[in-house]
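Enquirer: Listed below are the residues making up each chain.
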Amino acid sequence: MVETTQSVERPGRLKEFWYYFRENRGAVIGLYVFLMVFFVAVFAPILAPYDPTEQFREHFLQPPAWQEGGSWDFVLGTDALGRDLASRLIHGARFSFFVGVVVVVISTTGGISIGLLAGFAPKWLDTIIMRLMDVILAFPSLLLALVLVAVLGPSLMNAVIAIAIVLQPHYVRLTRAAVISERHKDYVTSAKVAGAGRLRMMFVTVLPNCLAPIIVQAALSFSNAILDVAALGFLGMGAQPPTPEWGTMLAEAREFILRAWWVVTFPGLAILITVLAINLMGDGLRDALDPKLKRS
Amino acid sequence: MLNFLLSRLMTFIPTFIGVTLISFSFIRVLPGDPIIVMAGERGMSDERYAELRAQFGFDQPLVSQYWDYMTGVLQGDLGTSFVTKKPVFDEFFALFPATLELSLCAITLAILLGIPAGVIAAINRGKFFDRALMSSALVGYSMPIFWWALLMIIVFSGWLGWTPVSGRISLMFFFDDVTGFMLIDSLLSGQSGAFKSAVSHLVLPTIVLATIPLAVIARQTRSAMLEVLGEDYIRTARAKGLPPSRITYIHALRNAMIPVITVIGLLVGTLLAGAILTETIFSWPGIGKWMVDSIYRRDYPVVQGGLMLIAVMVMVVNLTVDVLYGLINPKIRKS
Amino acid sequence: MALLEVRNLSVDFETTSGRFRAVDGFDLTLDPGDITAVVGESGSGKSVAFLAMMGLLPWTATITSDVMKFDGNDLRSITPRSRRQIIGKDMSMIFQEPMTSLNPCYTVGFQIKEALRIHLGMDRKARQARAIELFEQVGIPAPETRLSTFPHQMSGGMNQRVMIAMAIACKPKMLIADEPTTALDVTIQAQILELLTSLQEETGMALVLITHDMGVVAETAQQVSVQYAGQKCEQQEVTALFERPHHPYTAALLAALPERATTKHLPTIPGVVPGQFDRPKGCMFSPRCSMATELCHSTPPPVGGAEIGYARCHTPINLTAEEEA
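Chains as they are written, first to last, in my numbering: chain A, 1 to 296; chain B, 1 to 335; chain C, 1 to 325.
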């Protein structure tokens, strides 16, 4: 039997995705950093040298180890109440992760469901839903979240809920737009003809094909959530002291900016690194999932 | 074009009503008796209680409460501040120019730097400038803005001593508010050093506030340019033998600006959110700080009124941007 | 001297899964005033070859050739600046999708006058006059008003006329028309083709017509090259090709023409053009050829001589007795 074709294998979808993702070195670095922060968050009690709320009365506002007056007992220094900064930062990672995950879960499930509903619904329902989303989007996100938290009472959980509500319209819009463009395609018509019910069409037929922009948005929301919760914490409306949330730590540090730079710099740096890693990943995801940018 | 305008107005009106509904219901969502909550720990006399109850009309049925509220809104009456006893509407517009001045400077800076940066990055795709720019932009919008402000203060006000820490102008200057814009008023006052003081107070907050819009505009311009540069009509332009600079700046840029204008419009909301934090840190006497302070002080009429006014302002800006978009995009202008 | 001479032009693209050869050993010689057609299905590399000559391919493409000369200029080593002086002026190209090939933000008048200013340095009055003249030449009514319209305000046929006007604005020596009528209605197709041929007669320029429609070829061309999967499989003078095709693919294409149908069902060519992942080891056409032998499946066929139309086949068909010898 003579060999008739020189075979070059068509890459599977996951492999193809990973090829593009891997090309983007930033995205891969982002992924590793993200995993590292995740690791720190999970194993915080083991990794942190001290309890985050433990005060060391002898060591108020001690500089980091490499500066004069510092010591290696408290590597990154201590804050105004003598608490070890490094331990607080490590425990803070838990809160940031918690925040990111919960916000993304709530806003995606809510947003996608409503978006699917709007995409498949009769015109009048679609209009009502979209007007409602427009109303939410008319308010600047942080302001609305701030007012919501003021109404509900300042706490981390309320901040998370407020931000999830504020971020939802983005998912609704995305999903609805994707649904509307997919709805008229042939494969949906054939599913309908084959007898697929409404729910099945929504979740099984159409949704998987709309996922690319949603995934990218989810990455963005994760990082936005961390930033917004930190902002609320900074304004005193998020996690309350002595919770070692990074934004709240910055609020406490504010009066010391000229005296003790480390109390201000390190929590912000922690936020920056985490958010940067996620945004790098989000960029990589977008490039890998966007067909227009593909080479072939 | 007319149809386009009409359809935009049609969405504006129900959204406006929705915004007023949310602002209206916000106080009434508070747990417990809203008036007692508003009093906080101060407590209040019985007369004050009755007075407030009448002012807010809590004894009326909800619908007529809303009706009163709406008629008040349309006439410009949004209640009175608990703290300053002045009408919310007046206070808003007294403080608005400060925020406007800061926001305008920030968005101008962001556009003047962001668009050229994005264009150059797109042309030099993959090369050093592109990577450097995109990395900086990424860091720019990954930073918590309040931390960035604090860092800037540490460096430029603390260590270098170049800029002041707070306020719009040095306290030794005092002149009338003509426009509300410190830059203009300081020039008009003729006092020497006033303008310089105004500028030096404006520099740091502007840079901080402009950071995120700058990053977003640069990235959006780059991706819009890249997308446009892949279009058929650019291939035609190349096939005509046109020089690359002409293709970039005349053929591609105008098309790329169309989505970027939309993005700039959307940034207004972000600017206001950023202004909240920036104004708080720099003690900039604008609307953002006013809202935050009012929330702390439980000055609920201000929160309710301010929320609504800000939302309406954002909506108006978006509408304007939509109209501008319709004018710029020939497909809509000439339909 | 030949106007255009291309020998062994190949174009490779870098893709996720390695290199893809879109054009394999393309040859063409054109004299001034020639009309040649390049026929093939989508994916045959017919457009890519000419985009390579014009220098319009993206950076992922590698172009190699033994000879690639136009009007005395060596296109392989030409500087971008010199190339820009040739394309749009002496060598022009029009494309398949007229609706997206014109810049939506500018009027059509602006887009035509641009070429006149940059290549010919005409002043404003001269540009206006020439633009009107061009519009009349391509059959656009009321040219003065049309000059200030936007592309989206006109139909596909009109836009294609504008494209043609832009392409001939500087009186080119060669015009490449890449599937100019594919995106248009059948009635407009005929008009555009007629326009192209009459322009060719008027100006004496060389015309390259890239198409997948054999019917179009019959009416317009003098020489025909047939492309398949990046390779040229046959090239002959048009009447000879239609009467006695030497490559099985050409024969199959001709047999599929509705005008030639003899049975109730139109004959088709089974199978599809090989993509990147299923290139045959032997002859590219062998999986679909009704006359394929073991040799065809295993060994790439040689290119025949001019007498058999350069047919790339182990067993060319329709040979006269002497050719078989």
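Any given hint could turn out to be false.
Restraint ranges, calculated between C-beta atoms of paired labels, are given here [said to hold, decoys possible]:
id, chain 1, residue 1, chain 2, residue 2, range
1, B, L112, C, P141, 56 to 64 Å
2, A, T53, B, V203, 51 to 59 Å
3, A, Y187, C, A261, 50 to 58 Å
Calculated pairs, EDC-like style, for lysine to aspartate or glutamate (alpha carbon to alpha carbon, straight line, at most 20 Å) [said to hold, decoys possible]:
id, chain 1, residue 1, chain 2, residue 2
4, A, K15, C, E14
5, B, K127, C, E14
6, B, K331, C, E201
7, B, K127, A, D51
8, B, K127, A, E182
9, B, K331, B, D232
10, C, K281, C, E97
11, B, K127, A, D283
12, C, K89, C, E243
13, C, K89, C, E41
Facing chain B, according to a computed beta carbon distance under 7 Å, are these residues of chain A, among others [unchecked claim]:
id, residue
14, D73
15, V75
16, F234
Hints were generated in silico from the structure; no laboratory data involved.
Glycine included, every Cβ here is placed at the ideal spot set by N, Cα and C.
Enquirer: Does each hint fit the structure? Answer for all of them.
Expert: Verification of the hints:
With their beta carbons about 46 Å apart, L112 (chain B) and P141 (chain C) fall outside the hinted range of 56 to 64 Å. Look at T53 (chain A) against V203 (chain B): about 39 Å separates their beta carbons, and that is not inside 51 to 59 Å. Our hint of 50 to 58 Å for Y187 (chain A) and A261 (chain C) is violated, since their Cβ atoms are close to 34 Å apart. Proposed proximity of K15 (chain A) and E14 (chain C) is supported: the alpha carbons are some 18 Å apart, at most 20 Å.
About 19 Å separates the Cα atoms of K127 (chain B) and E14 (chain C), which keeps this hinted pair within 20 Å; it holds. A C-alpha spacing of about 37 Å is found between K331 (chain B) and E201 (chain C), which places the hinted pair above 20 Å, so the restraint is violated. For the hint linking K127 (chain B) to D51 (chain A), the alpha-carbon distance of about 47 Å lies beyond 20 Å, and the restraint is violated. At roughly 37 Å between alpha-carbon atoms, K127 (chain B) and E182 (chain A) are farther apart than 20 Å, so this suggested pair is violated.
Restraint check for K331 (chain B) and D232 (chain B): the C-alpha separation of about 17 Å stays at or below 20 Å, so the hint holds. At most 20 Å may separate the alpha-carbon atoms for a hinted pair to count; K281 (chain C) and E97 (chain C) exceed this at roughly 35 Å. Taking the CA atoms of K127 (chain B) and D283 (chain A), the gap is about 18 Å. The hint holds against a cut of 20 Å. In summary, the hint linking K89 (chain C) to E243 (chain C) is not supported, as the alpha carbons are separated by about 37 Å, beyond the 20 Å threshold.
For the hint linking K89 (chain C) to E41 (chain C), the alpha-carbon distance of about 29 Å lies beyond 20 Å, and the restraint is violated. Taking 7 Å as the C-beta cut-off, the interface hint given for D73 (chain A) is violated, the closest approach to chain B being about 25 Å. Annotation: V75 (chain A) was flagged as interfacial toward chain B, and the flag is violated, the nearest CB pair being 20 Å apart, outside 7 Å. Residue-level restraint check for F234 (chain A) holds (minimum Cβ-Cβ distance to chain B is 5 Å; threshold 7 Å).
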